[in-house]
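Kindly generate the complete structure, drawing on both the sequences and the hints.
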Amino acid sequence: MITKKINCTVNGRQVSIEVDIRASLLDVLRDSLHLTGVKKGCAVGECGACTVLINGEPYDSCIYLAVWADGQVINTIEGECKEGRLSKVQQAFVDEGAVQCGFCTPGLIMSTTAMLQSGKKFTREEIKAELSGHMCRCTGYQNIIKAAQKALED
1 MITKKINCTV NGRQVSIEVD IRASLLDVLR DSLHLTGVKK GCAVGECGAC
51 TVLINGEPYD SCIYLAVWAD GQVINTIEGE CKEGRLSKVQ QAFVDEGAVQ
101 CGFCTPGLIM STTAMLQSGK KFTREEIKAE LSGHMCRCTG YQNIIKAAQK
151 ALED
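In terms of full-length UniProt numbering, the sequence shown has 133 at position 133, counting the first letter as 1, and numbering is strictly consecutive.
These aren't lab readings, by the way, just hints derived from the structure by calculation. Worth double-checking, as some hints may not be accurate.
Each computed DSSO-like pair below joins lysine-lysine, with the alpha-carbon atoms no more than 30 Å apart [to be verified]:
(1) 88 <-> 128
(2) 88 <-> 146
(3) 128 <-> 146
(4) 40 <-> 150
(5) 40 <-> 82
For each label pair, taking beta carbons as the anchor points, the in silico distance ranges come out as [stated by the list, open to error]:
(6) 21 <-> 149: 40 to 50 Å
(7) 117 <-> 94: 12 to 22 Å
(8) 125 <-> 34: 36 to 46 Å
(9) 2 <-> 78: 27 to 37 Å
(10) 36 <-> 120: 42 to 52 Å
(11) 94 <-> 36: 43 to 53 Å
(12) 4 <-> 55: 18 to 28 Å
Idealized CB from N, CA, C, for every residue including glycine.
Here you go:
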């Protein structure tokens with residue numbers, strides 16, 4: 001196994017870790033850093049369950065090599081709750097009943113957080129397009145879209 005030391009910021013904390021050069025960011029986050037809110041769904045970048053923010057942009061961590069994270073700022077669902085309080089996006093998902101089984105929820109919340117942080121205004125159709133890379137088998141997506149709309153309101 002060939003390894004490389006990477007340095008990055010994860011949820012506001014400096015991390016220096018030796019990683020297998022073939023490892024996905026998903027596997028390093030879950031297995032080495034124990035951030036299990038990042039879900040392993042399809043492992044091929046199709047379901048969105050593993051979405052994290054890298055420098056504020058959503059990425060499927062299952063197809064993002066951990067070595068590429070060197071020098072980057074990474075945010076996972078674990079970093080969204082501050083001082084025991086849910087983020088605006090998390091609270092909107094709870095309020096709108098958009099959590100169901102919860103497997104897809106972390107990825108959806110991270111993508112919605114990226115939209116919120118962008119400062120742009122999003123129409124319902126644009127929200128649907130932004131979240132189209134996420135698969136949820138529990139809902140018809142209506143509550144998810146409503147939650148995103150609520151979170152993105154002024």
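Hints versus structure:
Distance restraint check for residue 88 and residue 128: the Cα-Cα separation of roughly 19 Å lies within the 30 Å cut-off, and the hinted pair is therefore satisfied. Proposed proximity of residue 88 and residue 146 is supported: the alpha carbons are some 14 Å apart, at most 30 Å. A threshold of 30 Å between alpha carbons decides the hint, and for residue 128 with residue 146 the separation of about 10 Å falls inside it, so the pair holds. The suggested pairing of residue 40 with residue 150 holds, with an alpha-carbon distance near 27 Å, which does not exceed 30 Å.
Taken as a hint, the residue 40 and residue 82 pair is honoured in the structure, with Cα atoms around 24 Å apart against an allowance of 30 Å. A hinted range of 40 to 50 Å for the beta carbons of residue 21 and residue 149 is consistent with their spacing of about 41 Å. With their beta carbons about 20 Å apart, residue 117 and residue 94 fall inside the hinted range of 12 to 22 Å. Between residue 125 and residue 34 the beta carbon distance is about 38 Å. The supplied range of 36 to 46 Å therefore holds.
For the pair residue 2 and residue 78, the beta carbons lie near 29 Å from each other, so the given range of 27 to 37 Å is met. Between residue 36 and residue 120 the beta carbons are some 31 Å apart, a value that contradicts the proposed interval 42 to 52 Å. For residue 94 paired with residue 36, a C-beta distance near 20 Å fails the hint of 43 to 53 Å. The given range of 18 to 28 Å is respected by residue 4 and residue 55, whose C-beta atoms sit roughly 20 Å from each other.
Taken one by one, the earlier hints fail for this structure at numbers 10, 11, listed in ascending order.
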